[in-house]
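Asker: Just so you know, the sequences run in chain order A and B.
Residue numbering for the first sequence follows the numbering used here, starting at 1159 and increasing by one per position.
Residue numbering for the second sequence follows the numbering used here, starting at 1159 and increasing by one per position.
Simulated from the structure, these hints should not be mistaken for laboratory data.
Just so it is clear, the structure is predicted and the values come from calculations on it, not from any experiment.
Some hints could be false.
A pair counts as met if it fits within one copy or between any two copies, since identical chains are not told apart.
To be verified - Below, simulated DSSO-like cross-link-like pairs (lysine-lysine); rule was C-alpha separation at most 30 Å, straight line: (1) 1161 <-> 1200; (2) 1305 <-> 1351; (3) 1161 <-> 1304; (4) 1179 <-> 1307; (5) 1351 <-> 1307; (6) 1246 <-> 1179; (7) 1339 <-> 1351; (8) 1351 <-> 1179; (9) 1200 <-> 1339; (10) 1304 <-> 1323; (11) 1307 <-> 1323; (12) 1200 <-> 1351; (13) 1351 <-> 1161.
2 protein chains.
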Amino acid sequence: MGKYVITVSREYGSGGRLIGKRLADELGIGFYDGELLSLVAKESGYTEEFVRRNDQKKTQSLLYHLYIGSQILPASDMIFIAQSRVIKDLYNKESCVIVGRCADYVLRGFDNVSNVFVTAPIESRIARVRDEYGEQADNYRAYLTKKDKNRIAYYNYFADDAWGKVQNYDISVNSDIGIDKAADLIAQYIREKYSL
Amino acid sequence: MGKYVITVSREYGSGGRLIGKRLADELGIGFYDGELLSLVAKESGYTEEFVRRNDQKKTQSLLYHLYIGSQILPASDMIFIAQSRVIKDLYNKESCVIVGRCADYVLRGFDNVSNVFVTAPIESRIARVRDEYGEQADNYRAYLTKKDKNRIAYYNYFADDAWGKVQNYDISVNSDIGIDKAADLIAQYIREKYSL
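Please build the complete structure, drawing on both the sequences and the hints.
Answerer: Here it is in structure tokens:
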């Protein structure tokens, strides 16, 4: 078996990032998420702080850009383009797990790409965000709904496809069975698929 | 562990029914799909042939019913209601796998219900429908698109929710890894979840 890439999409607070990390460790391949940003920053010539500030923001409306008469692409678009280039470079370079960043869309139609989605019930996501991530909110349900909406808007804008269509994923798992167990199941799927 | 129910939703030609059957066998629990129709037929007082003819048809528009001045619910609505009753009876009676029939929606919010979705790439679905089911079509891609559309319309009408939202399923699997292997993975998920 040659190189393969696993993309992980997830609901906020589902533990999808942890599962992606664990999966990469189990399979002995690279893992890219926050680290990706540094690569992108280098690639695009932006500083890491600038990328962090503009990352995962949906672009302002076209009308806004016409209004301000901008001749160049907005920062978030340029970052998305640079990220897509980094993702394709990774694809060509090594086997790895890539979390988020519409990587499933960026690599659509490429060989040996498996798309994973991690879900979790809202109650579990609230508990994780509050107790494990230590995030503060007056109303956690509203907080998560807003996080979800941002993620969906980002995906729908850049990927030009609906977020969370089950047909777009090779396997999806509800993380309530446990981070390690979910990662094990996905690893097993990958091993079966590629006869590893 | 007491009783539990697994619902299986699937894309047409994905082999989801076979996976459901295999899953039920592995777990040693009941399996309901076509058999459900006979139960429903008895339940509703319709003949089995009448049910078969009207099953999985979306109801005609309200306008149509106003036009023909019907005072009673259309046949497909009555069959759906009777099916929902049968599904709830099964839930109360025994552990089982139920394929299709919006069972995931009918049992939403009930304890110990796991929702499974089986996907497959269009090429694999065409091959299965043509070579294994022996179905005839001039254009298999168009044929499957129409089958999908009917399934989606049926779900969206009766379940009042979008079909195929990844968040609605506990686990989804692309059946290209093989019917038996997909069933094994799902069985494993169920065993982990309920500590069987």
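Asker: All the hints need checking, so say for each whether the structure fits it.
Answerer: The hints, checked one at a time:
no., hint, verdict
1, 1161 <-> 1200, "within (24 Å within a copy, 55 Å between copies)"
2, 1305 <-> 1351, "between (33 Å within a copy, 27 Å between copies)"
3, 1161 <-> 1304, "neither (37 Å within a copy, 36 Å between copies)"
4, 1179 <-> 1307, "within (24 Å within a copy, 37 Å between copies)"
5, 1351 <-> 1307, "between (33 Å within a copy, 29 Å between copies)"
6, 1246 <-> 1179, "within (20 Å within a copy, 40 Å between copies)"
7, 1339 <-> 1351, "both (18 Å within a copy, 10 Å between copies)"
8, 1351 <-> 1179, "both (20 Å within a copy, 22 Å between copies)"
9, 1200 <-> 1339, "neither (36 Å within a copy, 43 Å between copies)"
10, 1304 <-> 1323, "both (19 Å within a copy, 18 Å between copies)"
11, 1307 <-> 1323, "both (15 Å within a copy, 15 Å between copies)"
12, 1200 <-> 1351, "neither (34 Å within a copy, 43 Å between copies)"
13, 1351 <-> 1161, "within (13 Å within a copy, 32 Å between copies)"
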